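J.: Note that the protein sequences, when read in sequence, are chains A and B.
Numbered per this note's numbering, the first sequence spans residues 1 to 376.
Numbered per this note's numbering, the second sequence spans residues 377 to 560.
For the record, the hints were derived by calculation from the structure and aren't laboratory data.
If you're wondering where the values come from, they're calculated on a predicted model, not measured in any experiment.
Just to be clear, a hint being listed does not mean it is correct.
Stated by the list, open to error - To be clear about the criterion: a stretch of chain A counts as covered by chain B if any three or more of its residues have a C-beta under 8 angstroms from a C-beta of chain B, and this derived list gives those stretches:
#, stretch
1, 38-45
2, 274-287
Unchecked claim - Anything over 10 angstroms on all C-beta distances counts as not near chain A; from chain B, calculated:
#, residue
3, Pro484
4, Gly485
5, Leu525
6, Ile558
As the list claims (entries may be wrong) - Here are a few chain B residues that face chain A, going by a calculated C-beta distance under 10 angstroms:
#, residue
7, Leu467
8, Asn501
9, Gly505
10, Asp512
Positions of the beta carbon are idealized from the N, C-alpha and C atoms, including for glycine.
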Amino acid sequence: MGSKIAGSVLLLSAILLFGGHQAPVVSAAPGQGFIPGIPTVVKTPVALVKAIAIPGAPLLSTDLVWVDEKTKRMFFADRSNAAIDIIDAENDSFVGRVTGFVGAVGANGAGPNGLLVTPDNKLWAGDGNSLTQVVDLNLNPPRIIQSINTGGIMRADELAYDPTDRIILIGNDREPVPFLALISADTYRVVGTIPFREATGLEQPVWDPQLHRFFVNVPTARGALLAVVDPKTMSVTAGYPVGSNCGGTGLAQGPFQRLLVACGTPFIVNAVNGAIINNITQVNSGDEVWYNEGDGQFYVTSTDNAGATVLGVIDAQTATWRQNVPAPGARNVAALASNNHIFSVVRAPAAGVTDTTLCTQFNMRGTGCVAVFGHK
Amino acid sequence: MRLSSAVLILVSISVVPLAAQSADPLRYEVAAGYQFMRDQDIAKQNPDLSANFPAGWMASGGARLWGWLDAVGEVSGSMKTLSIPGDKPKLRVLTYMAGPRFERAAHPGINPFAQVLFGSARASNTVLGIRETVTDFSYQPGGGIDLNLARRFGARLEGDYRIVRAGGHNSKEPRVVAAAVIGF
Numbered sequence: 001m002g003s004k005i006a007g008s009v010l011l012l013s014a015i016l017l018f019g020g021h022q023a024p025v026v027s028a029a030p031g032q033g034f035i036p037g038i039p040t041v042v043k044t045p046v047a048l049v050k051a052i053a054i055p056g057a058p059l060l061s062t063d064l065v066w067v068d069e070k071t072k073r074m075f076f077a078d079r080s081n082a083a084i085d086i087i088d089a090e091n092d093s094f095v096g097r098v099t100g101f102v103g104a105v106g107a108n109g110a111g112p113n114g115l116l117v118t119p120d121n122k123l124w125a126g127d128g129n130s131l132t133q134v135v136d137l138n139l140n141p142p143r144i145i146q147s148i149n150t151g152g153i154m155r156a157d158e159l160a161y162d163p164t165d166r167i168i169l170i171g172n173d174r175e176p177v178p179f180l181a182l183i184s185a186d187t188y189r190v191v192g193t194i195p196f197r198e199a200t201g202l203e204q205p206v207w208d209p210q211l212h213r214f215f216v217n218v219p220t221a222r223g224a225l226l227a228v229v230d231p232k233t234m235s236v237t238a239g240y241p242v243g244s245n246c247g248g249t250g251l252a253q254g255p256f257q258r259l260l261v262a263c264g265t266p267f268i269v270n271a272v273n274g275a276i277i278n279n280i281t282q283v284n285s286g287d288e289v290w291y292n293e294g295d296g297q298f299y300v301t302s303t304d305n306a307g308a309t310v311l312g313v314i315d316a317q318t319a320t321w322r323q324n325v326p327a328p329g330a331r332n333v334a335a336l337a338s339n340n341h342i343f344s345v346v347r348a349p350a351a352g353v354t355d356t357t358l359c360t361q362f363n364m365r366g367t368g369c370v371a372v373f374g375h376k
Numbered sequence: 377m378r379l380s381s382a383v384l385i386l387v388s389i390s391v392v393p394l395a396a397q398s399a400d401p402l403r404y405e406v407a408a409g410y411q412f413m414r415d416q417d418i419a420k421q422n423p424d425l426s427a428n429f430p431a432g433w434m435a436s437g438g439a440r441l442w443g444w445l446d447a448v449g450e451v452s453g454s455m456k457t458l459s460i461p462g463d464k465p466k467l468r469v470l471t472y473m474a475g476p477r478f479e480r481a482a483h484p485g486i487n488p489f490a491q492v493l494f495g496s497a498r499a500s501n502t503v504l505g506i507r508e509t510v511t512d513f514s515y516q517p518g519g520g521i522d523l524n525l526a527r528r529f530g531a532r533l534e535g536d537y538r539i540v541r542a543g544g545h546n547s548k549e550p551r552v553v554a555a556a557v558i559g560f
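Chain A with its partners taken away, still in its complex shape (with noise of 0.2 angstroms):
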């Protein structure tokens, strides 16, 4: 009997250590901890800490930055030399450019516009002309190798991937009627469109992975509508108002399903039920927003209440304002978690017009540069 029980026991043991799951088994995730979702979080201040020149023509046109963590490469649009610019986040130095682009006066459209890399190292841009270009970056040197055509006439713009569907969701937002093309990134053909008859554009968008959708920031005549969108059924599924007498910009997700969503003022809403958690009011919203893993904030880049350029640090969990960084000319964020430097592009001033930016700082003047924030 005493066997017949111990083999149970064992037999438990088994069932323990190697029964099946019905579940999928997901690890945590590399320099995360155990318990999913938990922020890691960094109090100290953050401070200008350098500036990266940037060579060719001084940067009068710019549009988002995006950061890579795989790589380690910060990339942002730079319409000025019709060119995506990569630059060594680690290091914080230019490596190089991607050109072929419509640059900062189309006819239909200025570009890059928004730009996101996917796991496989491919950089999709939004351009003028209606055109999603798709530049290999495992190439030596990059370039582009898919032009696609989202089926309008202006500009394709801000974008998103849905990695388990390998979806590529981007907006044409400057069309009579703003529409959403949905592209598979195995055949660069376009799957699907939604069309958008209220909108007044089409802004920033994310892929929520434990909803399974996107969500968009719609602008429209009465504020920001929070667009979730099913990749699956290519349609929008809900929507949620944000915000009145704003225009609706950036979009960003943070830790415990909290997106925030610039409208005017950045406002964090839980992304399961649109519910509003806050309203920040120290600080202005911008047009690109970001959430930064390594130390659990929001960056917007903006005025502030007197007027003047910043960069503001928004606290996700707690869903509270913590600081504004003067960063004159700064325009659009990213940032590499795993050293926590916060990149925002600087403008150069037009022509004849003093320069005042924060690339003054390092005497850059009249040329526009990469500011790099970091924490104390």
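Please build the complex by placing chain B on the supplied structure of chain A, with the hints as guidance.
T.: Here is chain B on its own, set in the frame of chain A:
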């Protein structure tokens, strides 16, 4: 599936060995009780959150293999609700572990033991019903004492240092246990 299998086998352990009761040494046991756990990752990475999990439970079953060596299987759970502005995320850690226990009667009525269990640990973070879950390999060295209060009943005080191999590093979750033990 896993939990139901564990419960079935624990029940089988508790009802099958009736014949063994005639023998003096108690060869099988079940235990259930309270556990208090602390997640060292949270303590390290997030100063605004408490790392303690004051709500928890454990249940285990064991059988004497020979002499001072037991085989043990255990399930446990710890949970807490985060106190942050907005919706309150619910955290939960479940473990399913088994391994050897070394136990000797050092003093009448007191049996100290040491054990090391191996298995899996599953953690989840739920916000408004949306759950994010990870599962990783875990091992748990520990020890304690069994206080024999009656022939078949006792109390257990135990301390363990659980290590979860998560995302390329070791997550540490020490815990203390107070449990009731029934022998067969």
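J.: Hint by hint, note whether the structure agrees.
T.: Comparing the hints with the structure gives:
Here's how the stretch 38-45 of chain A fares: 5 of its residues keep a CB closer than 8 angstroms to some CB of chain B, so the rule of at least three is met and the hint holds. A stretch counts as covered by a chain when three or more of its residues have a beta carbon under 8 angstroms from one of that chain; for the stretch 274-287 of chain A and chain B the count is 3, and the coverage holds. With a closest Cβ-Cβ approach of about 24 angstroms to chain A, B:Pro484 is found to remain outside the 10 angstroms limit, as its non-interface label requires. Its beta-carbon lying about 24 angstroms from the closest one in chain A, B:Gly485 satisfies the requirement of being farther than 10 angstroms from that chain.
No beta-carbon of chain A comes within 10 angstroms of the beta-carbon of B:Leu525; the shortest separation is about 23 angstroms. Every C-beta of chain A lies more than 10 angstroms from that of B:Ile558, the closest at about 15 angstroms, which supports listing it as non-interface. Evaluation of the B:Leu467 hint against chain A yields a held restraint, the C-beta minimum of about 6 angstroms falling below 10 angstroms. Nearest Cβ of chain A to the Cβ of B:Asn501: about 4 angstroms, under the 10 angstroms cut. The hint holds.
Evaluation of the B:Gly505 hint against chain A yields a held restraint, the C-beta minimum of about 7 angstroms falling below 10 angstroms. At a threshold of 10 angstroms, the smallest CB-CB gap from B:Asp512 to chain A is about 5 angstroms, leaving the interface hint in force.
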